[in-house]
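Hey, can you work out the whole structure from these sequences and the hints?
Here are the chains, one letter per residue:
2 protein chains.
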Amino acid sequence: MQLSSCYLFQGLSEYQINQLINIGSEAPIQKDQWLYREGEDTQQIFVLQEGAVELLTTVDAIELPITILRSTGDCFGTSALVEPYTYSLSARAVEDGSVLAFKRVDLELLKKQDHEFGCIIQANLAKHFLERLKETRQELKIHFKTIFKSMHH
Amino acid sequence: MQLSSCYLFQGLSEYQINQLINIGSEAPIQKDQWLYREGEDTQQIFVLQEGAVELLTTVDAIELPITILRSTGDCFGTSALVEPYTYSLSARAVEDGSVLAFKRVDLELLKKQDHEFGCIIQANLAKHFLERLKETRQELKIHFKTIFKSMHH
Numbered sequence: 202m203q204l205s206s207c208y209l210f211q212g213l214s215e216y217q218i219n220q221l222i223n224i225g226s227e228a229p230i231q232k233d234q235w236l237y238r239e240g241e242d243t244q245q246i247f248v249l250q251e252g253a254v255e256l257l258t259t260v261d262a263i264e265l266p267i268t269i270l271r272s273t274g275d276c277f278g279t280s281a282l283v284e285p286y287t288y289s290l291s292a293r294a295v296e297d298g299s300v301l302a303f304k305r306v307d308l309e310l311l312k313k314q315d316h317e318f319g320c321i322i323q324a325n326l327a328k329h330f331l332e333r334l335k336e337t338r339q340e341l342k343i344h345f346k347t348i349f350k351s352m353h354h
Numbered sequence: 202m203q204l205s206s207c208y209l210f211q212g213l214s215e216y217q218i219n220q221l222i223n224i225g226s227e228a229p230i231q232k233d234q235w236l237y238r239e240g241e242d243t244q245q246i247f248v249l250q251e252g253a254v255e256l257l258t259t260v261d262a263i264e265l266p267i268t269i270l271r272s273t274g275d276c277f278g279t280s281a282l283v284e285p286y287t288y289s290l291s292a293r294a295v296e297d298g299s300v301l302a303f304k305r306v307d308l309e310l311l312k313k314q315d316h317e318f319g320c321i322i323q324a325n326l327a328k329h330f331l332e333r334l335k336e337t338r339q340e341l342k343i344h345f346k347t348i349f350k351s352m353h354h
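One line per chain: the protein sequences are D and W, in this order. Sequential numbering of the first sequence, starting at 202, is according to the numbering used here. Sequential numbering of the second sequence, starting at 202, is according to the numbering used here.
Please note: incorrect hints may appear among the correct ones.
[As the list claims (entries may be wrong)] Among chain W residues calculated to face chain D with C-beta under 10 Å, some are:
#, residue
1, Glu-251
2, Leu-341
3, His-344
These are computed hints drawn from the structure, not numbers from a lab. We put the beta carbon where it would ideally sit given N, CA and C, even for glycine.
This is how it looks when you write it as structure tokens:
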């Protein structure tokens, strides 16, 4: 698998990618398995190898799907790397497959040993969260449009 | 003004804050003045000194307020620091006052000269965008709740 295809690891050197491979551990995932739930303390981040994983949130016990990840190298659980270190969504496998898991403590250690590694990851995270923020605001706009329309008819 | 009260600059050393002060320039703002518009290329980020600034977006030419900043040290325009370097919202003064403006090129230079400075800022940005993302998702949830309720009545 190309770890560098994951947005989080873009811009890392070959040496840094190899350091990452050393601390990753492969794990199988089974359809309907919860990898984590929204609000839990984050212990790991994940990179998809095979299968598919849905990210979702719940509103009054009703599930609200956010996205489905299907591509090798898609990463999730990355709010693990940002205070307050809790998962901002839930993740559930929707197909059998496998993931590469990285423990937060191991990543933190790498960041301490290699300042540049930490910097690149933080910059990638900031970019990613800003993109998601723009998308989510776009969705909100669509809702407002619907409200405006219903008010004018 | 305490620059360290701005979320973006938290964790910087006194020396780093002084470096920042050297590149900041004060500018007056007048009620109803646009500081920038959504989608424009970002040239500057701002820290509020006095007065009040509204951040907003537009939906079919209707303004949708996001927040009003009123505290000394509130910073805005920070999407200037993340690819694709465009403002994600519009900013308009709602009261007379003043801001401290930082040119993107000057900040980029500081980041190059002082790796740690860049790192701290990227980490603060990632944290900030994740917080805004969670808030925005929360607003979306409220909309969905309203829809669910109207479906059940």
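Should the hint that His-344 of chain W touches chain D count as held when the rule is a Cβ pair under 10 Å? With a closest approach of 5 Å, the His-344 of chain W hint holds.
Less than 10 Å between beta-carbons is the criterion; does Glu-251 of chain W satisfy it with respect to chain D? violated (28 Å)
If you take the shortest Cβ to Cβ gap from Leu-341 of chain W to chain D, is it below 10 Å? holds (6 Å)
Going down the numbered hints, you'll see the structure goes against just number 1.
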